[in-house]
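Enquirer: If you want the building blocks of each chain, they are given just below.
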Amino acid sequence: MTDTTTISSGHKTVTGTGVKRREDRRLLTGEGKFLDDLNFSEFLEAAIVRSTVAHARVRSIDVSGAIDLPGVAGVYTAGDLEELLQNLPPKVVHPDMSHRVRFPIVLDEACYVGEIIAVVVAENRRIAEDAVDLVIVDYEPLPVVASTASALDKDGPIAHLDAPDNVCVHITQKAGDPDGALLSAPHVLSETFVISRGGGHSMEGRAVAARFDEVAGELTVWDATQAPHYARQMLAVFYEMTEDQIRVIAPEDVGGGFGPKAQFYGEEVLIPFLAKKLGRPIKWIEDRWENFVSSAPERTQTHRMSVGFDDEGKLIVIKDIFEHDQGAYCLGLQVPSITMSTLPGPYKIANIHSELFSCYTNMVPTSSLRGAGRPQAVYVMERMMDRIAEHLGIAPEEVRRRNLIQADEFPYAVGLLFRDGSPLTYDSGNYPGLLEKAESRIDLSAFRDRQIRERKEGRFLGVGIGMCVEGTGLGPYEGARVRLTNFGRIMLTLAAAPQGQGYQTVYAQLAADALNLDMDVIDVRHGDTGNIPFGQGTFGSRVTANAAPAVVDACTQLKGDLVKAASMLLGVPVDQIELSGTGAFVVDDPERTMSLLEITRAFNVGRHGIAVKPGSPVGLERTAYFTPERAAYSSSINICVVEVDPETGMVELLRSVLVHDCGTVLNPLLVDGQVYGGFAHGVGNALYEEMHFDESGQPQTVSYLDYALPGALELVTPELVDQETPSPLNPLGVKGVGESGTIPTPAAIANAVEDALRPFGARFNRLPITPMRVLDALGVLD
Amino acid sequence: MKPRYFEYHQPTSIDDVLELLSEYGDEAKILAGGQSLIPMLNFRIASPAHLIDINGVAGLDQLNLTPEGVQIGATARQRTVENAPEIALSYPLVRRALVQVAHPQIRNRGTFCGSVAHADASAELPSVVLALGAQIIARSSRGERTIPAKDFFEFHLVTALSADELVVEIQLPPLAAGSNGTYVEIARRAGDFALAGVAAQAVIDEGGTVQSLRMACSGVGPVPQLLEEAAQLAIGSDLSDELLLEIDNIVRTTIDPPDDVHASANYRRVVTGTVVRRALKQLRDESGSNHD
Ligand SMILES: Cc1cc2nc3c(=O)[nH]c(=O)nc-3n(C[C@H](O)[C@H](O)[C@H](O)COP(=O)(O)OP(=O)(O)OC[C@H]3O[C@@H](n4cnc5c(N)ncnc54)[C@H](O)[C@@H]3O)c2cc1C
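Just so you know, the sequences run in chain order F and E.
Read in this note's numbering, the first sequence has 504 at position 504, and its numbers run on one by one without any break.
Read in this note's numbering, the second sequence has 926 at position 144, and its numbers run on one by one without any break.
Source of the hints: derived by calculation from the structure; they are not laboratory data.
Mixed in with the good hints, there may be bad ones.
To be verified - SDA-like, lysine to any residue: derived pairs with alpha carbons at most 20 Å apart: (1) K1063/E with P1004/E; (2) K784/E with G16/F; (3) K1063/E with P646/F; (4) K784/E with L134/F; (5) K784/E with D513/F; (6) K1063/E with V574/F; (7) K784/E with E457/F; (8) K564/F with P646/F.
As the list claims (entries may be wrong) - Not everything, but these chain F residues come out facing chain E in the computed CB check (under 7 Å): (9) R126; (10) E129; (11) D287; (12) N291; (13) D443; (14) Q700; (15) T701; (16) A708; (17) L713; (18) E714; (19) M772; (20) V780; (21) L781.
As the list claims (entries may be wrong) - Derived contacts from chain F toward chain E, CB cut-off under 10 Å, selection only: (22) A47; (23) A128; (24) D213; (25) L705.
This structure is a prediction, so every number in the text was calculated from the model and none was measured.
Even for Gly, the Cβ is constructed at its ideal location relative to N, Cα and C.
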């Protein structure tokens, strides 16, 4: 009955190899299952009336025309949804923070263009949008805060009625004696840097669908979210239901996340509520315009940075005071707090002053977005490293080398606190190694010879370095559940939900090795609160460092159960049993095997009413959670080569060498994919992406006609070089990699552009570096 | 982003198209490649009650090269025109412009005539037809007329076409022997509309002297603009580097481009000068005369 060869042929390790993604066949052949693929015949569709004014008192909302439209099931405003008027709380707070209440739907004051004013539910989306056009909102315009500078201007407008000012929080972190050090440092340089707003731009926008089962009293919510358990918790609080009455499912395929989908939005509260109220399933699919005006973007910061250093270019002190734009409400302080702690990067700096003014404006609320505050900090720090090099006439790589934390100095305490409140202590790394590998790959001295030659021909090439340390793998925990199914397969369930990262592949690899079984008998599912009760979600490059150890732990436990089960069924001691392929075999007699199917029949399916031996491992299923002590620190370096056309300001990216260290690599294909994608995001921030708002807070870039997202033709393929410095903080030694391509890239490109145009002395302190800004810096536009 | 309700018509003959147009007038829109119209419907910038799809009309997709010039039919795809060897050979300007229009996927659907009829101020092809002195053949149930390109464009997205008229064809005139053309543009990303672009068509004789030149630029005003002053300066000259700089300067001062999120007016001014200079330099260098 059992094919013994597939069992006793021995296990070949798959973790660490570039196993191709299981997900790709369905995605590449159009078989992916996204939220909008859900199609109950009784579905209603929702469209949303959004504020067209950045700041206004809503005097009245006339929905009569909309309600009368044939096919409209209902139009709902705050007045109809009083039980939902509860605060959507920020994720990360600070005791000094000044809060602004964020309701799922505007009560009487709209604070940004895009904020939800009313929800229309209709037979289809077209009719719903027709009805949206018929809703008449009477706005009384209020003063608008459309920049952080205006937010912090003492005499400026205020973003919320009844608020004394626009400060969300003012925090200062210090190490050493920064002010004293600035006074005594032999050299001090100061600069102001501006980083612009950009978005996540997942291919699939946000999406929510819901169905209420009145008989069972259960609410099922499909949510294209990065954090289904978080969504369920929020819903349970809003609806005063228990977590068991709500099931949140992140569909098998979610078309990208990048941070914005880790937040919790008004639509997620409104849509399921209306599904319950109307007794009909409802779906809402965010369109691209809505994505621009209502999904959380990131990045806007203005930094005033000073560095003090000695004649050798050794850093003595950094002092950075920065403004961060929370937007109209605070979704959390994670981004600016990460900026604060990312600033010192891979360098030894005795004296640090990092000071944050986070403020409210009348623009769409911001949140974490691939990089999450880190690219800004790295941009500021790395730009200053280049300025130091220029000031002293030392090569930029040399200035960095002189300041790097050495490979034998870990754990390294920076002297600040990280986002999770723990001391900022780097667990492991080899920063000189990164620099050395990148330098030798790019061959800096050959490049500089070429640069001089090309300049004589009127071509302006430049090279730039960006180096960073990246806190990843944040807690509190992530979980995994593994079960022997009734049909003799292994079902691995993860709480975390992927948006293209390849969980179905990499966790099957890990499980296969932990169980000593064939990868083909292992199925992976994820993102369904009905399958595993607790989880945190996919964000902050945290899942592998949390979920991978949990998977290994659960599988190791299950392996013990399987060995015990086989030993009982085969009548040999446990030390005579080994797992392999699709079952177990007897070490001294490999012809004797026991398949997973036989084991499950005996112990999971069982025979009704028939006893098994005492101590039998029935119900073969294990669940494990892993709780990291603190963040694990990845690191990376990007060296970019660009060519700048000083007549048009066009910047062409010629080369990128990216060395990244995410500890142990579980699947190099997946890791490379993450770095490539992250790199593209970084290029966007460096050269292309910018959300414009006019003085009245109207977004000016609400389609890809106006918002320059880079495409394949704008990119180069970064040359990736690996370095593996395992983290001691988890048993696998893994760290995060989802953001490693993004973080050092804007800094590297900006440094390269400045290097290319050094003969002109052009300065680039503002991102993105658009062709117009290049000509402006060259003085051509005066 | 769903279009408002519209009625969809799929006529199979030109007469049927014209009948529908005369019946519905400005309630109707022609659907050609849909690469501009469909996004506008989705954004609800345009909400015609009737959509007249001309893709089922037989024979409208012709691309004829005759001694009298080229006739490009209403449904001839941009990609078809771009890939026609005769076009590459005789009208390098057309091909050089087309490869900068959007991306191949979009040019596979988008039509040559549709782009001209759409008349986006930043589009490449309106400048091309202007520089070539092309003629737009418009037909309605009232009859047919020929509109010279210079009279066709009235404003961004507004043309001399009446609501009941269909562009059935665009005619490119035959070119003089030795005529050469190019399109040089600056766009943020590959395939983007031009921040500044110029179509230039010139005859440069064997001695390197410019016999004729027409230049039209995109992205600098509500309609494509002929650069007549600059062309006058170039005609009769040998396009020396000094003259090119002078022309660059003239162009900067004669145009009055817009300010928007993509670029400031000043940027467009400077860069239009640059693309004109580069286009002329290219034509000069390709004419075989030696100016080193
Ligand atoms: C991502 C993207 C990028 C693009 N980039 C560029 C670019 O860089 N440069 C550029 O120039 N264009 C660009 N385009 C637009 C593209 O070239 C369009 O195809 C073109 O502008 C319109 O041609 P169409 O056949 O698709 O016309 P449609 O979209 O079908 O029609 C456009 C308009 O013209 C009218 N019309 C079309 N044909 C006729 C006719 N025969 N008679 C009368 N009226 C007619 C329609 O009624 C409609 O109002 C881009 C489009 C996309 C989607």
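Enquirer: For every hint, state whether the structure bears it out.
Expert: For each hint, the structure was consulted:
no.	hint	in the structure
1	K1063/E with P1004/E	27 Å, violated
2	K784/E with G16/F	46 Å, violated
3	K1063/E with P646/F	17 Å, holds
4	K784/E with L134/F	15 Å, holds
5	K784/E with D513/F	49 Å, violated
6	K1063/E with V574/F	84 Å, violated
7	K784/E with E457/F	53 Å, violated
8	K564/F with P646/F	73 Å, violated
9	R126	4 Å, holds
10	E129	5 Å, holds
11	D287	4 Å, holds
12	N291	10 Å, violated
13	D443	29 Å, violated
14	Q700	5 Å, holds
15	T701	6 Å, holds
16	A708	5 Å, holds
17	L713	4 Å, holds
18	E714	5 Å, holds
19	M772	4 Å, holds
20	V780	6 Å, holds
21	L781	5 Å, holds
22	A47	8 Å, holds
23	A128	8 Å, holds
24	D213	29 Å, violated
25	L705	8 Å, holds
Consistency with the previously given hints fails for numbers 1, 2, 5, 6, 7, 8, 12, 13, 24, ordered from lowest to highest.
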